[in-house]
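Trainee: Spelled out, the chains give:
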Amino acid sequence: MDRGYGSQRQGHGGSRLQVIYELENTGDDQEIPFGATRAILRWPWLSSRRESSGQARGPVLAISTVLRNVFACILSLGAMFGLTAHAQQGAEGDAKPDNVAATMFASDCAVCHGGDGRGGERAPNIATKRETVNLSDAQLTAILKKGVLASGMPAFGALGDEKIMQLVSYLRELQGMGDSGQARLTGDAGEGEKTFFDNCSRCHMIHGKGGFLGEDLSTYARGRSAEAIRAAILHPEDSPGGADHIVDIQTTEAGSFRGLIRARDNFTFVLQDEDGGYHSIARNRIQKMIINTQPLMPQDYGTKLDDKSLSNLIRYLQESARSGNPAPKTGQEDVDD
Amino acid sequence: MKPFVSRRMAWVLFGCGILLADVSGQKPSSRPKASSVRTTSSARSASATAPVLNVQKAKLEARGIDADWPSYNGDYTGRRFSSLSQITPDNVQSLRAEWVFHSTSPGILEATPVVVNGVMYLTASNDAYALNARNGEVLWHTSRPISSGLVDDASGHISRGVALWGDWLYMETDNAHLLCLDARSGRLIWDVAYANWNKNYGATSAPLAVRGKILVGTSGGDDGVRGFLAAFDALTGKMLWRRWTIPGPGEFGSASWPGESYLRGGGTTWMPGTYDPELNTLYWGTGNAAPDYDGSVRPGDDLYTACVLAIDPDTGKIKWHFQFTPHDVYDYDGVQTPVLVDAEYQGLPRKLLIEANRNGFLYVLDRVSGKFLSATRFAERVNWASGIDTNGRPIFSDVQPSEKGTLTCPGDAGATNWYSPAYNEQTGYFYFLSLDQCTVNSVKPESFEEGKEYYATGTREEPNTPGKKYLLAFNRSTNQLAWKYEQEGDTHSWGGVMTTATGLVFFADDANSFEAVNGRTGQSLWHFNTGQTLHASPMSYSASGKQYVAIASGDNLFSFALPN
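Protein chains in written order, with the numbering used here: chain A, 6 to 342; chain B, 805 to 1368.
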């Protein structure tokens, strides 16, 4: 079947980006109307083997599955699109309460801010809320010492400087910025950066570099333990947004499109391709619509990346989250002449 | 680290020369050819490697607005002159609403949408939307909650739109954060709080993108903040410079600002400026001095309030300034769009700046030197000044705010305001909406307090002199009004004007209608009842070869086109 882009396909060299598109013959030679498609497609980078053979894998999609998947895709896209699309997962495995600060936090802070610092009925999230995470150690120390009268935050100055310092340090751990959690990782952030730009940056962005189909990971490691990050990489199917499916649409006269469905109504699908281009496709011009059975996020990092590479990658994500917002703090200092 | 463009390596096969390909029911051949929006089939063969969005210098510096409307005023000149010519005085009667977008954000829509490659970008409060410009479908939507504890204008949660640079989109939040979003997905890339040391700061404007820099100002000029214009690196969000509009101690003009009064002197930069790439100069208006009505605490001219500033975008240095209303005690501001026009002036080609000011006079300046050329009174009633002298300085009357209240014309809403003017090179006319209205202005000393407005008292309407709005056409070559079109209505509309290459002028009238008139005569040719008050300025774009005209009204955005 001529997809109209055979020659361009060769231009990309590396097998990682090559798209292999396979249709399983349904045994029905006549033109298949939209909705009755029974086909599978597969991208080699989505499969467990890097060099994919031409064999079709997976079940033949029946129409109901197709529609259900489209629906699931839309739902998960909604989750993906929130500005604050930080998955509220990974509280398990966070810094262990095996020190004094953890006990202090549990007795003095958790009652209002929650055991994991993510907020309770009486006080805000201090583990992942941007405004709090962006505060300096000195600012946090001042708040702990003096309290915040207007909001009912008590002053803990009586604990003394050392204990307050320990509490700040523990809060940093809850924010995913502490040292103790990362000390367990021997990863090399520089190597991890290479791993990121070899594997992840096609869809994910860090500090403005990379793709946009997946979640921006600049501050992903904030408030997440290394274990939670590892799990998200190895088992994306458990994460929100991890189940986005690539959709192929073949139209009667305007060619074929591949991408993610971004909007739909009774008359059109809007598909976004990997370059960001939007294609508004009238439903009555659609010949076939094929939903990839596998999610967008590769599920084979467990075999593709060895343990060391994974540690490097996690280390890089943590470093990236620590470097935080690239923009400077803007006080009233004069920077003009 | 891989180069920034590495993400473009893949999926070139999908005809990425367009952002929004249209696979409608029509055959491609039956569709008119447009310069930048192509059909899917032609794009695939024509430009498989062209960037998706990639708004760069050339697009923004182009003179003449074609299919795309890539910045708040359409181009850097502020003329709101669209080169599109499908809609003409002969067929405009058939114009009809193609689609409506409804915003559920708090606050009304005051944005001028921006369109590039068939995608419209719009802000509403702290939300940003990408819409299919053909039918209003929401392609993405990012949302952040409105801020609490804001005062005055900022508490209205208004956002007047976006700037685009490269593949990224920039917007200001109500609490003066500059957000950088990926225009393809709406995801946040960075977020800078750029005025967070005084909670009376807010932001309502659209940023302006100039050569890799993002320029932002603030609101809060009636609430005792110190105005500034700041430039940020479009890529990193790093602040490159900040130009205070109120001089600090020892600086030129500081005699007006005793003690710490400079820290709350106003002069905010609450609308996008214009830019001349050849002169590499920004033209940015500044707001009223603060406190608004009590001039006793700020003796002298109160530089640089109620000015237009010519600013070097590389350094933030002021090349020249022109003050419309020295020692402004009328809340006149100076933020109306400074429109850049190249034309003959008294027989010589000249780079002009034309601004219809809130104080009731229309000014023509030489924008190279800042030299004052002329001022023409356009408001029916002006009593704060008897005229403008040969240096451009007002000849003041004794009308001042008083304890009991003083009838002041124009009133505090100004003889015009932030709503857009337009200039059409073909007619040589400068079009804008004016408000003929007076208010009774009072003064009472107040001390500054964070969380409180800082007007030092206020105004009330004068019931015996009801206001009236006019659409005016100012003939630049004769320095006279060519025609005026009196509006029915309650004077509550805040809608702007745009013009097209076919001599049409579109504007928001004062009785809920969006309207088109013949630019030469002012004769009304078409109108559409939007059912609500208009508080935004119009624009025009083309998608899939079809010309649209769009304007926000209330909390909806309407897009109009001719029937197929």
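Everything labelled a hint here was simulated from the structure, so no lab data went into it.
Careful: at least some of the hints might be erroneous.
Claimed, not checked - Below, simulated BS3-like cross-link-like pairs (lysine-lysine); rule was C-alpha separation at most 25 Å, straight line:
#, chain 1, residue 1, chain 2, residue 2
1, B, Lys1208, A, Lys134
2, B, Lys861, B, Lys1155
3, B, Lys1208, B, Lys1248
4, A, Lys151, B, Lys861
5, B, Lys1003, A, Lys150
6, A, Lys134, B, Lys1042
7, B, Lys1121, B, Lys1175
8, B, Lys861, B, Lys1017
9, A, Lys151, A, Lys313
10, A, Lys134, A, Lys151
11, A, Lys313, A, Lys199
12, B, Lys1155, B, Lys1042
Trainee: Would you mind marking each hint as holding or not holding in the structure?
Mentor: Results of checking the hints against the structure:
As the CA atoms of Lys1208(B) and Lys134(A) are separated by approximately 50 Å, the hinted pair breaks the 25 Å bound. The suggested pairing of Lys861(B) with Lys1155(B) holds, with an alpha-carbon distance near 21 Å, which does not exceed 25 Å. Only pairs whose Cα atoms come within 25 Å are accepted, and Lys1208(B) paired with Lys1248(B) is accepted, the gap being roughly 10 Å. Using a Cα cut-off of 25 Å, the hinted pair Lys151(A) and Lys861(B) is violated, with the two alpha carbons roughly 50 Å apart.
At roughly 24 Å between alpha-carbon atoms, Lys1003(B) and Lys150(A) fall within 25 Å of each other, so this suggested pair holds. For the suggested pair Lys134(A) and Lys1042(B), the alpha carbons sit about 22 Å apart, so the restraint of at most 25 Å is met. Under the criterion of a C-alpha separation no larger than 25 Å, the hint pairing Lys1121(B) with Lys1175(B) is consistent with the structure, at around 18 Å. For the hint linking Lys861(B) to Lys1017(B), the alpha-carbon distance of about 11 Å falls within 25 Å, and the restraint holds.
This hinted pair does not check out: Lys151(A) and Lys313(A) have alpha carbons roughly 44 Å apart, beyond 25 Å. Restraint check for Lys134(A) and Lys151(A): satisfied, since their Cα atoms lie roughly 21 Å apart, inside the 25 Å limit. For the suggested pair Lys313(A) and Lys199(A), the alpha carbons sit about 13 Å apart, so the restraint of at most 25 Å is met. This hinted pair does not check out: Lys1155(B) and Lys1042(B) have alpha carbons roughly 33 Å apart, beyond 25 Å.
Hints 1, 4, 9, 12, counting from the list given before, are not met by this structure.
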